[in-house]
Amino acid sequence: MAIDNPSSLDGAPLLTAQFDEKIQEVWLDGLRGIAAFLVFVYHFQHQFHQAYNLGYGSKGGDNDHWIIQLPIIRLLVIGGPMVSIFWVLSGIALSLKPIQLARSHAWDKFFETMYSAVFRRWLRLYLPCLVVQTCVIMTNLIGLFDYAFELHEDWPFAGTKEKQQKKMETRLAQLGDWVKEMWAFMNPFHPMRPGYDSHLWTIQYEFRNSIVLFAALVGVAKLKARIRLTLILALYLYCVVVEQGDIALFIAGIGLAEFLVLRDQSKKALPSAEPTKPERDGGQSIRARTAWTIVLIVGLHLLSYPAWNFKTSWGYVTITQLTPSFIKNVELSWQRVGAAVLLLALCGSDYLRKPFSTPLAVYLGKISFPLYIIHGPIVHILGYRLVPFFWNIVGNATLFQYELGLVLAFVVQLVVVVWLADLVMRTVDTPSVRLGRTLQTWWSV
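Residues in the sequence shown are numbered consecutively from 1143, following my numbering.
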């Protein structure tokens, strides 16, 4: 691959090599969909477990030798790393087209793209949330959250008691409380966990960091590619050092988007030749596949950084000891680095992306945003009822019975959540995107 060619890096000879943004969006959406699904898994299971927080072998044999605590495997049940993946994905997806236009020196189109992105971003993120939250307050007013309120008064489960809206004395007071929460939710400069769905805290960060990313893109667009990448790397490292890791992940997305465009253009610029068998199967030699697989494993290992007892956790003792003293939030910082490393591996290898281009992954990608913004209320309305219901049938005295009841409850919830997410995607999410474009057309000069 000719990505070390100086003229190739600066973009000049590759202006005719078209970058297929739609092809890249397939695996990006697929990964986003799988991450959203795993967030749903986490937000259900963490209310009934605590041992998943421990690193493997970190507590001297006390509840610390479960398979699910092992690095990489633990990613199936923890949500924080998935949010970090979301933010790198957002950085890549929002940067792909602007970077390609900047490399092509198509400045009129670049400006139009940036204007459109900034104008439509608030509607894209907040309008679907506000519609869903309107449904949440309606279900609250007719009493569908009453059972969840009762449970919160005397929490019966072994895991985390999630934040939930206050129970007000009158419906009018409840509506007023909801309006206050939504007003605070729409302020990206004071992040909070909305009481009517605490999981929506990420939306404020997503909007704020998107605007930072757009400003960074405009600031570096007309620079030579070498200088642009150097400054983006410096900005990423600065954000890591000052522990603004959420912004760092968006900035990492800019660099990875440029890497994707550069890699794609370089492949198309190479003279055609009869491919070898490894190249026919995945476009890369076995040596390249092996190298990128190692990078992938490193990223997944860092993403798996345990929340509890990481100083004594198998696989993390040395990393923790080598962590600079100015890093205060050790596990979160390394998880975020892991997200960037993981996406670097996927950007570098077509072969490793294959699982995220499957029909199931792509479908989950299509409904990922609706799935994210509806699953929390469904867990509180439905999940809290289903778990005791199935425990009454199968029992919960043994570990097998306990987990079986949870699995059965989750499966029923899953059907409901996917159906509703698909409905919201078609009736709210997609129309919100169209509305943003329509308003842009109407109001533009």
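Because the hints were derived from the structure by calculation, they are not lab data.
From the three backbone atoms N, C-alpha and C, an ideal C-beta is built for every residue, glycine too.
You may find that some hints are simply not true.
[Unchecked claim] Derived pair list, reagent style DSS-like, types lysine-lysine, alpha-carbon separation capped at 30 angstroms:
#1 K1508 <-> K1496
#2 K1409 <-> K1239
#3 K1303 <-> K1201
#4 K1305 <-> K1453
#5 K1308 <-> K1322
#6 K1251 <-> K1470
#7 K1305 <-> K1322
#8 K1496 <-> K1303
#9 K1305 <-> K1496
#10 K1305 <-> K1409
#11 K1496 <-> K1470
#12 K1309 <-> K1322
#13 K1409 <-> K1201
#14 K1239 <-> K1322
#15 K1508 <-> K1239
#16 K1251 <-> K1364
#17 K1366 <-> K1409
#18 K1303 <-> K1453
#19 K1239 <-> K1366
#20 K1366 <-> K1251
#21 K1309 <-> K1409
[Claimed, not checked] Label pairs and their calculated CB-CB ranges:
#22 R1527 <-> E1385: 23 to 31 angstroms
#23 P1573 <-> G1203: 41 to 49 angstroms
#24 W1561 <-> Y1257: 33 to 41 angstroms
*Any hints from earlier that this structure breaks? Give me their numbers in increasing order, please.*
6, 8, 9, 10, 11, 13, 14, 21, 22, 23
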